[in-house]
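J.: Same order as they appear, the protein sequences are chains A and B. So for the first sequence, our numbering puts the first residue at 1; every next one is plus one. So for the second sequence, our numbering puts the first residue at 1; every next one is plus one.
Check the hints yourself; a few may be wrong.
To be verified - Here are the in silico distance ranges between beta carbons for each label pair:
id: 1; chain 1: B; residue 1: 53; chain 2: A; residue 2: 42; range: 27 to 35 Å
id: 2; chain 1: A; residue 1: 33; chain 2: B; residue 2: 193; range: 46 to 54 Å
id: 3; chain 1: A; residue 1: 53; chain 2: B; residue 2: 88; range: 27 to 35 Å
It should be emphasised that the hints constitute simulated quantities derived from the structure, not laboratory data. For every residue, glycine included, the Cβ atom is placed at its ideal position computed from N, Cα and C.
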Amino acid sequence: MSINPDSERWKRRFVLCLLFTLGALFLTGAREANEGFHLRPARRAAVSRHWQSLASSLIGDRPVLEHPRAAELDDADAVWLIQVCSRPISGGP
Amino acid sequence: MTADAPQDGTLALIRGRTTALLFVFVLWGVVVTVRLAQCMIFQRSRILPGLMASAVSRGVIPARRGRLLDRDGRTLAWSTRQFFLSWRIPAGKKDAARAWHKLAEWREYFDAGWSQTVILTRTGTVCELARNLDPKAVISLKKAENTVDGLRVRSRFVRHRHPAPRIRRILGRVVVRDGMEIGVSGAEKDHDALLSGVPGQYTIMVDRHGNWLPETWRSLRDVRPGYDVSLPIRAPAGEEGGP
Chain A
1 MSINPDSERW KRRFVLCLLF TLGALFLTGA REANEGFHLR PARRAAVSRH WQSLASSLIG
61 DRPVLEHPRA AELDDADAVW LIQVCSRPIS GGP
Chain B
1 MTADAPQDGT LALIRGRTTA LLFVFVLWGV VVTVRLAQCM IFQRSRILPG LMASAVSRGV
61 IPARRGRLLD RDGRTLAWST RQFFLSWRIP AGKKDAARAW HKLAEWREYF DAGWSQTVIL
121 TRTGTVCELA RNLDPKAVIS LKKAENTVDG LRVRSRFVRH RHPAPRIRRI LGRVVVRDGM
181 EIGVSGAEKD HDALLSGVPG QYTIMVDRHG NWLPETWRSL RDVRPGYDVS LPIRAPAGEE
241 GGP
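Bound-form chain B, shown alone (with noise of 0.2 Å):
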């Protein structure tokens, strides 16, 4: 034996070092795996649906209903997308109060007649503060909505009908369902497969304050607009319809 060969208690030593850190690992090893098992396998069942649930959401984007036309082309019913401003108001006058103050940036979008005044006689409940934005806004409000709890900026489609009594009978009416015009009456029951279009259908991840994550996008169906169905009529002449 050389005199820098280690002494038999030293080798002994590193060989009970090493052999517990061996140990230490096997069992890290041990303890991830099984737990792996566990999350993987046994509980993924209980685990997996909550954690998509919280994590994905999956949504809608309702589509344009077609228009009704009168024999000659003329547009009888159509619809328009409107971007509105809605706020749920804080029940605390002083907290109302603050969150107005916070506003003021965006107040040139909201519509006329809103005041501290009127706010503070409101609290605690739902009301729109701007209809019929243009998308302009719409992008400018982005940041309010982050700033202001309770502050939602949504759109919805608004049904538009010609305005001869005689014409408005015969198209019937249309309610709102889930964000989807829906034909309760006339032409607008009769045809309303047609005319309802198919909504688009997708899939995104959000983070934890519900902000969606883009890169997460997926499309499970594409938006179609409904068709344009022509009727045997003719609108009355002079009396303009929409677009």
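Pulled out of the complex, with its shape left as it was, chain A reads as follows (with noise of 0.2 Å):
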């Protein structure tokens, strides 16, 4: 293949394998993003839902706050009191 500038033929293969590379992109990543935006809240719903439920049978009865509204516990306090509760066997640094 010659390399002589022939600058229109090249600006048109470049704005071919841009627009081929955006497609496969956006084929690609459509999926996942379609996760990220919709199911990953979901998701995190349900994995938040599972902490405080956990966090609240492992403290029994016992109210955690004084104030009723904020009876519910947010997401950092359940993973640790979680984490208080629980007993590492192996792993970390």
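With the hints as a guide, bring both chains together as one complex.
T.: This is the structure:
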């Protein structure tokens, strides 16, 4: 192949390559993006409910916070309570 | 040949540079591929366990032990979770005093009797600053654990038994091993399989400081509390057991 500069021809090739790459990215990424935008919050909410339920069951019937509106644990607190109630058996630095 | 067309020398130069650039890219690709193959195929068995061991923590959530009841349904033995705060006091007196000063914000949760004077007489040892914390205090102490070295908020089960000596002999005793209560005598031992429950299991990724990365939580087995067991005995009237 000659590399003799034919700028119009190279421009067309570049645009074609760019379109092909963008198309491939769009097609392969669409599913993942959809999952990220739509499924992940639902999954995260399910995990969050699991943590809160587990933390609540671990601490029993003892009230966590005094204010009735603050009765629900946030994720960080729930995870912390689970961490306190658990025992690592392997791994970690 | 037009005036704009490159000369042979220029073309040769462009070809040479292009070839050199291509050679660099190919060489880079070969090096990356070889290194990847080395890590993922040939040294996988050596690298992966170490990587997983340091990045993934596996643990258990001990199950609450079931209750022992009398024939009328009154509780004779029961377990409660107790949150406590332990601290490995630094060996040096200066370090201990400095760390004690950092704990000022959380001293309201400590049991009575702890002061800087007492702490300085126990340098280098592990002490329990608070026993029987409520969950609200546990949440408040999260920051303290990250602020002061050696400070740990943990939990354990405490087994309570009916006060009557005759009943206590029948109930027997439990010992705690790895956070689980195990019956070693009496009814606690006889019905241990039913009472002990099933501990939960999980894996989670941790950062280099050992902090959990909550998004990576995976529950391998749900925790199941132990069953309650009714004994064919009757507790003495007027002496109340547990909840």
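J.: Would you pick out the hints that fail for this structure and give their numbers low to high?
T.: Hints that this structure does not satisfy do not exist here, as all of them hold.
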